[in-house]
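Residue numbers (the working numbering), protein chains in the order written: chain P, 1 to 225; chain W, 1001 to 1350; chain Z, 2001 to 2350; chain C, 3001 to 3261; chain D, 4001 to 4261.
Heads up, a few of these hints could be off.
To give an idea of the interface, some chain D residues facing chain C are shown, with a C-beta separation under 8 Å as derived from the structure [stated by the list, open to error]: (1) Leu4025; (2) Ala4122; (3) Ala4187; (4) Leu4228; (5) Ser4239.
In short, the hints are calculated from the structure, not lab data. Owing to the predicted nature of the structure, the values given are computational and were not obtained by experimental measurement. Idealized CB from N, CA, C, for every residue including glycine.
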Amino acid sequence: SQPEDRKLTVFAAASLVDAMDDLEATFESSHPGVDLVISTAGSQQLAAQIRDGAPADVFVSADLRQLDAVGDQLAGEPRVVATNQLVIAVAPGNPSAIGGLSDLAARDLVLVLPAPDVPAGAYARRALLSAGVEVTPDDLTPDVRGALSKVALGEADAAIVYRTDVAARADEVDAIPIDAEVAVEYHGAALERSPHPELAGELLDFLTDPETGGAILADHGFSSP
Amino acid sequence: MTLETHVRVERPDLTVDVALSVDPGEVVAVMGPNGAGKSTLLAGIAGVGPLTRGFVRLGGTSLADVEGHTDLPAHERKIGIVFQQHRLFPHLSVLGNVAFGLRARGVSRSEAQVAATRWLERVGVADRAHVRPDQLSGGEAQRVALARTLVVEPEALLLDEPFAAADPSARSSLRSVLSEVLAESPRPTVVVTQDLVDAASLAARVVIVERGRVTHDSSLADIAMHPRTRWAAELVGVNLLRGQGHADVIDLADGGRIVAVEAPAGRCFVAIHPTAVALYPERPDGTPRNVWPLRIEALEPLGSRVRVALGGEIELVAEVTPAAITALGLREGRQVWAAVKATEITTYPA
Amino acid sequence: MTLETHVRVERPDLTVDVALSVDPGEVVAVMGPNGAGKSTLLAGIAGVGPLTRGFVRLGGTSLADVEGHTDLPAHERKIGIVFQQHRLFPHLSVLGNVAFGLRARGVSRSEAQVAATRWLERVGVADRAHVRPDQLSGGEAQRVALARTLVVEPEALLLDEPFAAADPSARSSLRSVLSEVLAESPRPTVVVTQDLVDAASLAARVVIVERGRVTHDSSLADIAMHPRTRWAAELVGVNLLRGQGHADVIDLADGGRIVAVEAPAGRCFVAIHPTAVALYPERPDGTPRNVWPLRIEALEPLGSRVRVALGGEIELVAEVTPAAITALGLREGRQVWAAVKATEITTYPA
Amino acid sequence: MRSRHTPLPVTALAVAGVVFLGLPLLALLLRTPWDRAAELLGAPAVRDALRISLIASILAVAVAVLLGGPLGYVLARGPRRLRGALRALVLLPLVLPPVVGGVALLLAFGRRGIAGAVIADATGVTLPFSLAGVVMAEAFVALPFVALAVEAGLRRVDPGLEQAAATLGAPPWTRLRRVTLPLAAPALGAGAALAWARALGEFGATITFAGSLPGVTETMPVAVYLELQGDPGAAYVLSILLLAVSVLVLGVTGLRVRAGR
Amino acid sequence: MRSRHTPLPVTALAVAGVVFLGLPLLALLLRTPWDRAAELLGAPAVRDALRISLIASILAVAVAVLLGGPLGYVLARGPRRLRGALRALVLLPLVLPPVVGGVALLLAFGRRGIAGAVIADATGVTLPFSLAGVVMAEAFVALPFVALAVEAGLRRVDPGLEQAAATLGAPPWTRLRRVTLPLAAPALGAGAALAWARALGEFGATITFAGSLPGVTETMPVAVYLELQGDPGAAYVLSILLLAVSVLVLGVTGLRVRAGR
Ligand SMILES: Nc1ncnc2c1ncn2[C@@H]1O[C@H](COP(=O)(O)OP(=O)(O)OP(=O)(O)O)[C@@H](O)[C@H]1O
Ligand SMILES: Nc1ncnc2c1ncn2[C@@H]1O[C@H](COP(=O)(O)OP(=O)(O)OP(=O)(O)O)[C@@H](O)[C@H]1O
Ligand SMILES: [Mg+2]
Ligand SMILES: [Mg+2]
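Only chain P is shown next, with the shape it has when bound in the complex (with noise of 0.2 Å):
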């Protein structure tokens, strides 16, 4: 096939669905010819779907222990490609007048928290401990978008999610900063079956460099590595 014609496959992360949107179009408009095919789902089932040889040229992970989990599969060290942050998310208005992390130990707030078996659960868990704030979930959502969800939906006065989930539903919830610094990665990093390993580089290359994936996913609430 001609070099025009070319097809990489990203499996992405659920949570990077939105900006892979504007990444995919951006990306093949500098690289005419490439079809760029985004997949997306949670990265437990993407990385099941590798092991299985799913026809992957790119595999961007939010938990690096998928990534690992398919580490004999991968072509050179996973790469971090974007950073995330965790915020408290809350009704518009914050009407529960949360300022932090101590403020969601209150017994009446409904405070949703994703199952700490998932890595926004785990990180959520990591900050309240080094916070030392002591909390009763009323829920462990097993994903983290469901956790949003309760607070859009106005029936949980709190959760802790990405600070890019809250991006995506602006309208519906207010984000509240939280202080303790806990990172937040996705890695990247292409295939070993891939049969285009530079365009699978230059793609991770692309969202890694500040002036142009990086600004998009910027432009999602994500910040650079």
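Once you've looked at the hints, dock chains W, Z, C and D with the ligands against the given chain P.
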């Protein structure tokens, strides 16, 4: 409690239109060809079939009246019906089937079972009380259906060929049971039957329905004397001919003529009882004024007699003794002379 | 093709054990009380019911043999059966029902429909060809079931009360159809029936099954002369008594004695034809040696005669003319004298 | 029953079906770390999840039968012109992705939902984050199975038998209880079994509407999902436990149902 | 049909059922951004997802009927001693959390699965991440509905009618096609409808086994899931589209099935 009803059901192929009034304790036998509308009539009365027009009144109370927009549901009509296809509940035991109506009325389980058992005994299937209906023979199922309806003591009874599957001996004992029941508590009763003996022994009045209309409504004896349709004549085993009367002679519609003692002027029926048809190997010389050479089409035993179907110039059925069959050497296909005395011929206007 | 079979079915309440051999073209009528095992017998032969022991052979080929471990499935037996409950396919039209067997044999749709229509005409329900079975009357359904079985021209025919729902007129024309069919292609045929006229007109041989066993297997005339069970005697309308014979006197089991011309020594049957029972308002003086004062229990018309059930010292049925009823003023409950001549009494060993 | 041979194509396809379902089960069993099974199953968290799953799914089936049964009746017997709309409504939980179903439940019965707000104001009770919420979410997804099974079952009941019951004096309600429902029992049983299995395996609507707090609202499927993130072997063990429990329960009740007929 | 009044308790409970299902639908409709509906539904990605969903679910039902129907037959009529194991197998996809189902499918039919590896070596064909994979995943979850419905349907068929067919010379296969299946049709139809709806709404097993490649394996529920992350309004629109399509399809086929009876 009199049952008064007029059932009119309009179907694409058939309109059933029957008016009937049955006194308490009276039994009316409804007979008629297959597909005449007998079951349709009963369903209309009981409230489980369509009613295009008409009414049902029981003891003066209106149960249904299409014009008056009354239409009591079946469970409030207190009319018992034994369906032609039994319709036993397949998920209940025989006992459960018979106890069903009482249980539905709130009678306690044990009381209902006692009553049900008594009725099963009366109809002679008490030994099958604990099996499911699909393990019953045809005749047993029919008896259970009868018991199931009788046990609730309905205010009127509709029975659709209730003895059709009963063996001859059971048939006569079931007839007795029914007569007893009706004697115990008189109620209007309609029995559809294809059996002349049933009709004769149960009902003083026979209604014959043909193509949805009543063609006869009188005693069986009267119908036997003056049948007005081919089907009725065949039923009572009488030869029915149709013709044009002048003084004592009738010109038959199918050709041929008959001499009677007297005949109505104009279109009339001629009824000849099979026992009045005498058979001779040779042309008889005596008094009979009606003599035809005919061919024996079929021989059929009936009780202690034999029916001989004759064909040729006219169609006749004769009834003779088995002895005569042997003596005259009668057999199918043989040519014989049939003679009927003028005095034995009944004529009446059509 | 002869049908030879021995069907033994063991059920908790009843063991059916019947051996039967039917010649090609022969019609055997099977009669018997409800629940005697008639339908069970037919199902065993056709391969749609249990067979504890026994065999079925048709034209020398073994279709089933419990001991020999043969058990041809029903669809390979080529035995046609008309079920007592019709069993029409509810999802097919009447035409579809009748065409079913031919279609299953690979006959083209149009050919099958032509043949089916011809058979529907023969049994007289061609006008209902396009309705579903649930829109048929009882008699119509039965005729469709008959047509459905006949159309496939099975090598043996089993008919389970095939005319039970037919009206009297239809009944005799269906009998003719059946006779024609059997004349066209002779095959062993078994007809279960509760109707003496059916049995007499269709079958030269009658097998009576009671409680699973054959009690009679001969001509109807013979059974009428020498019934051996109460049920058979009632069927043929003969008075059957049981007793102990000494020269010309029989001591009845139920008390009383009867004088005949001669009697077998020891346990014997006494058969008295109802026409041989003469009734008198007063004690007759003439020759009859057997005279009893009895009570009239019931009166039942039968054809051109009337049956009079008598009770008292012994139980008897008499058959008299309607004229005699009027002349003697006979009615239920009246006391009469019944007399039977010794020469009219048949006796035979039990 | 004689003359009931299974036709050959049926047998062949059934074998293919067994392979299709059996291979994944076999693969799962082969991958299951049996040596850790005892330890995993003994964990209090697992026992909690199993208990919540069983209680909630049984209550959910009860609700589904209570509300879905009558809906099935109306679908089969009710006014013809209502049927279209009713059928659409009944299909809703079936085709709606479960998470969306959960969102819809929150919009209706949540603290701020159109009915939930009224209830909360009046009684102070909120359904989410409680066992009642789990039951509600599971009943929501299970209801269609009951309704559609009841509809199919009722369509097969011979109206002649109901008429016979009516002529014996049985009013509609008695007829329903003593004739119609018993005759529709096999279909009803199948529907309830499907509904129960579906409720037991429910995941998306439950986590969205009721949450998944261990010991309160966390059901087995949620536990399995979470284990899958880090410890797939444990997830397999729990899955097989779920399967075993459901086979056991359905086997026992199925036997009871069949014996009672 | 006369004397078919709906008993009062049935009506009351049916109304409660309508409220239970109707309020969430109503709430969802109220929250749906109708002004954006046209734009969203016009998007090529949505049309792709809808097309894939329809094609895959229809093929999946075909597979489920083909394999599940015979399994249902064997459950109802087959050797008694096989039934327990068979029933457990049939319940598997129903109670297994769908994601685990997807994993099990990968373990069996994936490139390195116990059967998949053999197939891949022999033919070079791999099932996951293709439309065939979607069909397989959906067929896997839909199969129990068909099998259990067929079982219930067959149990209600009067064996007397099958016997009658046999005496008319119909061999088992003809009997099955011309008598048994038509008589079981209502149950079968209900089963196929449930199976189709389930296949259409399938998510967990599909995304795990077949992936979510836009234009290839991304089905509507997957699209809804992904939209739910950032744009719930869009997810509601897509959900309602899914509901509308399924009501339409089931309405049309349902009418056909009923008219044909
Ligand atoms: N549900 C129905 N829909 C349409 N036509 C019907 C229906 N039921 C019966 N019929 C037709 O109406 C006519 C009358 O049927 P009905 O059952 O009343 O006859 P019947 O007099 O009882 O006959 P039989 O002596 O055979 O029982 C028949 O021609 C029958 O085919
Ligand atoms: N499937 C069955 N299981 C158990 N018992 C049965 C079954 N079918 C019939 N029976 C019983 O076996 C006996 C014989 O039944 P069968 O149907 O052969 O009688 P039949 O002679 O045909 O009677 P009928 O004249 O009433 O039709 C009956 O007592 C019946 O109750
Ligand atoms: Mg009738
Ligand atoms: Mg019988």
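Going down the list of hints, with the structure as the test:
no., hint, verdict
1, Leu4025, "6 Å, holds"
2, Ala4122, "16 Å, violated"
3, Ala4187, "5 Å, holds"
4, Leu4228, "6 Å, holds"
5, Ser4239, "4 Å, holds"
The structure fails hint 2 only (numbered hints given earlier).
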